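Protein chains: 2
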Amino acid sequence: MARLVVLRIGHRFFRDSRVTTHVCLTARALGADGVIIADREDKTVEATIREVGKRFGGKFSIESGRPWRKTIRDWKDQSGKVVHLTAYGLKLPDVIKEIRDSNGDLLVIVGSEKMPGEVFKLADWNVSVTNQPMSEVAALAVYLDWHLQHSAFDKAFPNGQVRIVPTQDGKQVEDVS
Amino acid sequence: MARLVVLRIGHRFFRDSRVTTHVCLTARALGADGVIIADREDKTVEATIREVGKRFGGKFSIESGRPWRKTIRDWKDQSGKVVHLTAYGLKLPDVIKEIRDSNGDLLVIVGSEKMPGEVFKLADWNVSVTNQPMSEVAALAVYLDWHLQHSAFDKAFPNGQVRIVPTQDGKQVEDVS
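If you read the protein sequences in the order shown, they are chains A and B.
Quick note on the numbering used here: the first sequence kicks off at 1 and runs consecutively.
Quick note on the numbering used here: the second sequence kicks off at 1001 and runs consecutively.
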């Protein structure tokens, strides 16, 4: 089974911790296998996401501090493909089929405004979720929903302690541990 | 033409400014008509979003400081419908058709963990974008993409100064003013 991992580049400790937490929650909920936070360790974000996994189940890996260039090169050395989400890239609807058909492990890079130009060259596809100034959290969300063809809505998250039961206007949480 | 406006509840000045900016950029790029930031004024976020609009074009309204309860009540008094995005709600794929078929003005509420219980009752639909702990930015992104049926990818943003030209591996920006 092909893996899909998100690489978060440009994370600054503390200042970006909340947005990076949003990136991780999005990756997890929408079906990615894990997130790598490049270059900077952030044990707070790691702990938050591990706690979510323990409570709500599923398999999801989180690590931080690995250098971005080496991460991308190692991924490509193992025949993985690389998507870089950027407002400058080709339109998602025009390239998603080609990417999905490539069928291998996929590293999805999200970043900030200061993305190194080299990332554009290293990526197999630079993909835009609209060509407007955009949240990387939002771009990742729409990308994953398209790439995994809405499968996250039915994804099982086994071995958690609790499960949310969808309801019309309340908050229902079931104990499953 | 029906309007779709996003109501951001639970914004705390400064602490939430970056995440709220992500909410606004997402709303704008993915086709909403505007954002109302409830209860707290945030002129910094307002200015950021207005500057994006001036530079990249399109019509998008942004305001902050209006009380959330009154905003929802006024909206409903004018026959508008209300969607509240929450991990506790009914699954998006199960309700999106009904919401789209309602065809009127739509207020889409996004918030934080501390959403008042009353919002669940005031909403016409409580909708989940997965029943997992989730980023409100990501939930909004996927919701808008579904609701507007991917039309944002071809949306025109007239009267801007620049336009991003999608390219394979570079950054191309065209002057259009």
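It is worth saying that the hints were derived from the structure and are not from the lab.
Fair warning: there could be bad hints in the mix.
So the derived list for chain B, only partly shown, Cβ under 7 Å to chain A, looks like this [unchecked claim]: (1) 1004; (2) 1013; (3) 1017; (4) 1029; (5) 1087; (6) 1133; (7) 1159; (8) 1161; (9) 1176; (10) 1177.
Since we're looking at a predicted model, the values are computed, not measured.
All residues carry an ideal CB built from backbone N, CA and C; glycine is no exception.
- [ ] Output the numbers, in ascending order, of every earlier hint that fails for this structure.
- [x] 1, 2, 3, 7, 8, 9 and 10
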